[in-house]
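Taken in sequence, the protein lines are chains A and B. Numbers in my numbering are just positions in the first sequence, counted from 1, shifted up by 576. Numbers in my numbering are just positions in the second sequence, counted from 1, shifted up by 127.
These are computed hints drawn from the structure, not numbers from a lab. There may be inaccurate statements among the hints.
Facing chain B, a subset of chain A residues (Cβ under 7 Å, in silico) [claimed, not checked]: (1) Asn-678; (2) Val-698; (3) Leu-727.
Which chain A residues face chain B? A few, computed with CB under 10 Å, are given here [to be verified]: (4) Phe-674; (5) Arg-762; (6) Pro-818.
Everything numeric in this text was worked out from a predicted model, so none of it was measured. Every residue, glycine too, gets a C-beta built ideally from N, C-alpha and C.
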Amino acid sequence: MAAPARPLSPVLRTAGVGHDHARRRGAATRALVDVDLEVAEGEFVAVVGRSGCGKSTLLRILAGLVRPTRGRIEVDGTDPWRAGSRDPAAFAPVGMVFQDPNLFPWYSVRDNVGLPLRLLGVGRAERRHRAEDLCRGLGLAGFETAMPRELSGGMRQRASIARALIRDPAILLMDEPFGALDALTRDTMTADLQDLHTRTRSTVVFVTHSIPEAVFLADRVVLLTPRPGRVAAVVDVSLPRPRTDTSAPEFQAVVRRVRAELEAADG
Amino acid sequence: MTGRATGLLGALVTVGVLLGAWWLAVAAGASPFVLPSPAAVGEAFVALVRDPATWREAGVTAVEVVGGFGLALGAGLVVGVALGRLRWLERAARPALVAFQVVPKVALVPIFVLWFGFGPGSKIVLAALLAFLPITMNVLLGVRSVDPGHRDVLRELGASRWATLRSLDLPTAAPAVLTGAETAVVFAVIGAVVGEFLGGSAGLGHLVVVAMNALDTPRMFAAILLLTLLGVVLHGTVAGARRVLVPWHTSAGP
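Please model the entire structure based on the sequences and the hints provided.
So, in structure tokens, the structure goes:
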């Protein structure tokens, strides 16, 4: 995909977004308060915070899985909830990768990857062809017809990333996608994700609790403080790409700055 | 020795012990009217199997069982999915389901004979009735056990209700449905045979009653043996379907 000639415009916007988790009894829990966020086209934004800071809720709101209790969101300039219910067409440019791969155990890898196309009515032959292509590009060559239970954790997550990418989403949401992986696999996957983003220039919102991971990947790091979750600070990361050396002093300096901001916000 | 061979040997030993105990009981002086010898039952069984009339009766029973089971499977899938997906409907139907569970369904045979006649109709209905609940309850539980993460995936993709049913709810429920079907097919055999006992002029159940009235105990035992074999074949078919329908599930393991 070539870089767009027009100036960067926000493809995702939240305005005063807040969310309360309903509880069975007692007052609702305030999970998110007053989140104003703009994500520009092609930008990689990482959302960092401790467990329970509402970062997953924020991502689920952006994916249309949760309707915000307050405020509004815009995807590509339209409010997907304007009709009072979820407008699937408005969320069509959005692809989501979950913390768990969430592969369907009854489908082979290529059928899992091709599932979004099947929902769009694409025929089986084309579906399989495109899914196999994508699998090969993501390091799953030779496993196209394997069942999910035959894959390692890292490969399952690769397949779930392929499933999110097969519709060529302009916006990719990732909810701690590497959280359950071992450190070595995690490093490889993070580097691969950076390559992918450099290649496709898609917009990415990436939730993580790892500050180095956020600094490695993101153009901007958004810090959330917990209970209720609100934006504490936004740190620009202007390190040149491709980033490879996480031990470089410049890299470590940004990591320290982000950590200091987060600790200051926690009080 | 492989596990399979050990299992086969164990099964043979079990059958041998049971036959030995039976033979001992006969040798100890049990009346042949009460307990015929294994040899007498074997003879009667061979005679029964050689008689083409037996196979007509077996055919009647098989049609009743398969028909009743098929009806129960269809109705159980529809009702189970509906109750599993719609909480309000399940709450509304709960008392009826409990009543349905506790009513001694065999006691309904006279009513079914009245409504559906002495032919296979009343037996199919009883077989279906007995098989219906295990299927429905398992479908209901199966539909309820859908992984929320899987549901999120389809919701995020904007999948329709129908697509969600087809790619998520039914595959999730399938292993439980098959478990229900295994129980249900055995219940269907019971339903058909009891129906034949109480109001019939055909089928293997009727054959048992005729043998009893003629005080032909070996023939009675042989007919029961044939019924058991019918049940084994049907149960084996449903159990075998697991390996074909849900090969991805751990329950279909080797």
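### Message
For a quick check of understanding: which of the numbered hints are violated here, in increasing order?
### Response
Hint check: 2, 3, 5 and 6 fail, others pass.
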